[in-house]
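Please model the entire structure based on the sequences and the hints provided.
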Amino acid sequence: MLAYAIRRFGQSVFVLVLMSFLVFIGVYAIGNPIELLVNPQADEVERARAAAALGLDRPFLEQYWVFLKGAASGDLGRSFVYNEPALTLILDKLPATIELAFVAMVMAIGLGIPLGLVAGLKPDSFVGRAIMAGSILGFSLPTFWVGLVLIMVFSVQLGWLPSNGRGETMMVAGLPVSFLTADGLAHLAMPAVNLALFKLSLLIRLTRAGTREAVLQDYVKFARAKGLSQGRVIGVHVLKNILIPIVTVIGLELGSVIAFAIVTESIFAWPGSGKLLIDSINQLDRPVIVAYLLVIVTLFIVINFVVDVLYSLLDPRVRLGGAAASH
Amino acid sequence: MSGGPLLQVDGLRMHFFTKAGVVKAVDDVSFTVGRGEILGLVGESGSGKSMTGYSILGLIDPPGRIVEGRIVFDGTDLTRLDPAAWRSIRGNRIAMIFQDPMMTLNPVLRIDTQIVEAVQAHAGVSRESALARAREALVRVGIASPDERLHAYPHQFSGGMRQRVAIAIALVNGPDLIIADEPTTALDVTIQGQILFEMQKVCRESGTALLWITHDLSVIAGLADKVCVMYAGRFVESGPVADILDNPLHPYSRGLIDSVPARNERGRPLRQIPGMTPSLLSLGPGCPFRERCASATPRCAESPEVTEPSPGRRLRCFHPAR
Amino acid sequence: MAPKVEGPWARFRAEFAESRLAMAGLLVLLAILAIGILAPVISPQNPYDLAQLDVMDSKLAPGEKSAAGRTYWLGTDDQGRDMLSGIFYGLRISLGVGIASTVFALAIGLVFGLVAAYFGGWVDTLIMRIVDIQLSFPAILIALILLAVLGQGVDKIVIALVTVQWAYYARTVRSSALVERQKEYVEAARVLALGQARVVFRHLLPNCLPPLIVVATVQVAHAIALEATLSFLGLGLPITEPSLGLLISNGFQYLLSGKYWISFYPGVALLLTIMAINLVADQLRDILNPRLRK
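Chains as they are written, first to last, in my numbering: chain R, 1 to 327; chain B, 1 to 322; chain P, 1 to 294.
These are computed hints drawn from the structure, not numbers from a lab.
Think about it this way: if two alpha-carbon atoms lie no more than 20 Å apart in a straight line, the pair counts; the simulated SDA-like pairs of lysine to any residue are:
hint	chain 1	residue 1	chain 2	residue 2
1	B	K19	R	F126
2	P	K259	R	V149
3	R	K122	P	R20
4	R	K240	R	Y311
5	R	K240	B	H151
6	R	K122	P	S19
7	B	K19	P	A14
8	P	K259	R	G159
9	P	K259	R	L161
10	R	K240	B	L109
11	R	K69	R	T298
12	B	K19	R	R129
13	P	K259	P	P62
14	R	K122	B	K19
15	R	K240	B	Y153
16	R	K240	B	D112
17	R	K93	R	P176
18	R	K122	B	D61
19	R	K240	R	L111
20	B	K19	P	F12
21	P	K259	R	L150
22	B	K19	P	R20
23	R	K122	B	P62
24	B	K19	P	A10
25	R	K122	B	T18
26	P	K259	R	S163
27	P	K259	R	W160
28	R	K122	B	R65
What follows is a list of derived Cβ distance ranges for each label pair:
hint	chain 1	residue 1	chain 2	residue 2	range
29	R	P176	P	S136	24 to 34 Å
30	P	I239	R	V45	29 to 39 Å
31	B	S282	P	L21	22 to 32 Å
32	R	Y82	P	I239	20 to 30 Å
33	R	P59	P	D286	52 to 62 Å
34	P	N46	R	V45	44 to 54 Å
All figures in this text were calculated on a predicted structure; none of them were measured in a lab. The beta-carbon is built from N, C-alpha and C at its ideal position, and this holds for glycine as well.
Written out as C-alpha cells, the structure reads:
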C-alpha cells in the first residue's frame, strides 16, 4: 500500500510537470498580452518596460524555468490583470466552485442511484420507461441551454429565483458558503440543478445498466433461493456489485463536474474559479490560466487516488499495488 | 407434519409469456419425493427440468408464470401461498444448489456474510450463534479450518471449494429438501465424484430429501432412488432407478440410456438419438418426441395419457418398448 | 413450420424497429439531416445575406409580420434575421462540425487502437498511457484550453474536437481487437503467415465494428453538444459561422428582457438533434451488446 502510494505520487508529479510544460507552451502561444494590458496609445519604450516588468521579454525556456522554480515554492506567478498572485486568486474562487460541484454531485447521487435501481429492476414497467425517457432527455439537454431555460422560467417568468451571484454567505471554518442561508440557497438552487442534471442522467443509466446485468446473475438467484428478503437481495447483493463501477464513475465525474462548472458559472455569474478561467482566457491573463490548470490537475490527481483506494475497499478482487486477481 | 410424501408436484405447468408467443417451459409434470428420498430429474438442456426446480422454490420471474398444477410440500400447496410465506420456506425447508459454483456466490461479499444472512433470514438468532452454525455447516461439507475460510472472499476459493460452500449454505438451516441443479457439471471429474459422494452422505445422515436435476444418467445410477425423465417440458416416465435403467419403456428414455457410453461396449460407435429437440414455442399437442421416435405412429399426434405399467412406474407413451 | 431464413441485416432492422422510440429518433434524425443538407434551398431567407435583412424587423416575436408583410414563425434576432432560417443554417454548421470531427477522430483512434492491440508491448503501453491520461481529464477542459490557444474557426474547433475524441475510439478498438486477437483463428492466420495487413483488416477490424458504431453514434452527439457549449462560451466558432450554440449565445443577452425566442428555439433544435442521435445510439447499443442478448 505504501509502495503503491509512493509510486502513484511519483507518477503524479511527472504528469504535473508534463502538463505544466504543455500548458506553458500552449498558453505562451496565445496572442500578446501586452496589446491588451498597455494603453493603446503607449509608445514602444513604454511597451518594452511593461513587457520587462512582466518578464515577457525573456526567452521562452527561461520564462518556463522561472515559472518552475516559483511553482516548486508555491508561487505560480502573478496575474497580469489583477496584479495579485495567481494562486491566491484561484484559491479565493475555488471554494465557491467546490460548493457548487459538491451540492450538484450529492443531488445527482441521491436521486440517480435509487431511480436507476427502480428502472433496472422494472425495465418494462411504466415507471421504468418514464425514468429512462427522463434520463435520455437529461443526457441530451446541453447544460448551458438548460441553464438558460431555468433562468427564463424561474427568474424571468415566475420571478422566484435570482439569476446570478452567490447570495448571502456564511463563514464556515474560514470559508464562505451559500447553502446555510435562505438567500444563499435561493442563489444556489438553479446552478446546482443545472450542473447536476447531466450527472443525474448518467448515474441513472449506469445504475440501470448495472442492475439489469446483476439481476440476471446466478448469485442473485442464489441469494433469493436462500429466502432473503427482496430488500436485502437488492440492497446488499445487487447494490454492492453495481456500486463498484458507479463509485469509479462518480470519482471521475467529480472532476468533470468541476470542469463543467465553467459553463454553469458563466451562465449564472457564479463567482467561482470557472468564471475566472473564462475571464482570464478572454483577457489573455496567462499566469492565471496556467495556475488554474495546475490546480485543477492536482485536484484530479487527488480525486483519482481516492477513487482507487475506495475501489479496492469495495471490490475484494482488487488489491492495490499488485496485479489484479483472476476473476 | 402430514403423512403423505414430502413433495408432490402434480400437473405443474409453467409458461413464459413472451412477445414471440407462449413458451411452455414446463407442461404437465408430476412426481413425488418421499422424506429422505433421492429423486433424479433427468432431461436434456431445455427440457424444463431446471424450471421445474425454480417453480418449486417460487423463483419464476415474469414473463414466466405457474399457470396450473399443485406443488404440495409437507401438506401445503405452495402455489397458494403468498410471496412472504413462500419465502419463509425457501432456503429454510427447501434449499437449492446451482450449476456453476463460480457464479453462485456473490463475489463482493465474504463467505461469513453469505452464510450468516441465510441463517438470519429464517431464525432470529444472534450473529454469534449464526456463525457457529455456519462453521458447523462448513465442517459437514468437508472444509478444513472453517474459521479462516469464513473470512475469505469467493475468488480465493477453487470451484470445488465454492460448491462446497454453496452446499453448506443450503444445509445450514437443516432443510427437508434440497434441489440440486446439476451441481457437479461445471467441476473437474475428480471433484465431481467427491461432491457427489459427500452430498449423498450428508443427505442420508440427516434424512434430507434430494431432488437431483441432471442430464447425466450415469450420475443418477449410483445416487438416486427414483428417476423422473422429462422431454421438451413434459413428463415422459418415472420409476425406481434400477427399473428405469434396466428396462426403459419410453423410446426417449431408451435412447438416453443407449447414448451413455458403457464399459463393456468399447470400440462400438456411440448411439445417438436422431434429430433435434423441438422448439418449445411451436410445440403443438401430441407426443413431443414423435418426430425423432422410431416407434411413432399417426396416433402419436394425440397426447397419450399417463399409465401405470407396473406398481411404482408411470409412463406417457402409446408404444412402450418391450 | 420451416424456420424463416433471414440475413443479419434483416434481423438487425427488425430488432431496431422493436423500439418505437428508436424509430421515432431515427426519423427525426433523418429529417434533421435533410434540413441541414438542404438549408440553402428550403430556408425562407438567406440569414447571412445582409441585403435581405431589415433592421426594422429586429427582435420580432414568433408569428409577427415584417414591415414587408412576411411572417417570421420563430421570430427574428437583434439583426432582424429570420430565426427559422438561422436555425436551418445553424443545423448545417453544427452537424457538419460534429460529423467531420467524428470521422477524423474515428480514423485516428482506429489506427492507434489497432496498432496498440496488434503490436502490444511498449507500443501498446505508450499509446494506452497517453489515452488514459487524456481520458482522465474532462473533454470540455481540454477543448477549452486548445481553443484558447488556437483561436476561433471551423478548422480550429474540429481540431479541438478530434483531439478530445480520438482516445475513446482508440480504447474501444484496442479492447475489442485484443479479445479477437486471442481467438484461435487470428492465431491461425498469423501462423499461416497471411500477412499483417490482411490479419488486421480482414480479421481484427470487422470484429471491432459493432462497439465502434455505438461509440461513434454517441460521440457525434457529444461533439455537437461540445461545439455548441464552446461556441456559447465564445471560444468556438467565429460570428461568421453561426452554429446553434452561437445563436443561443447571441440571444442570451436578450433573455432577461423576456425575448426568449432568440435563444430558446435554436436550443430546441439542438436538443432534438442530440436526443434523436442518443435514441438511435441506445437502441444500437442494446442490439449490439451480446451480454443483453436473450
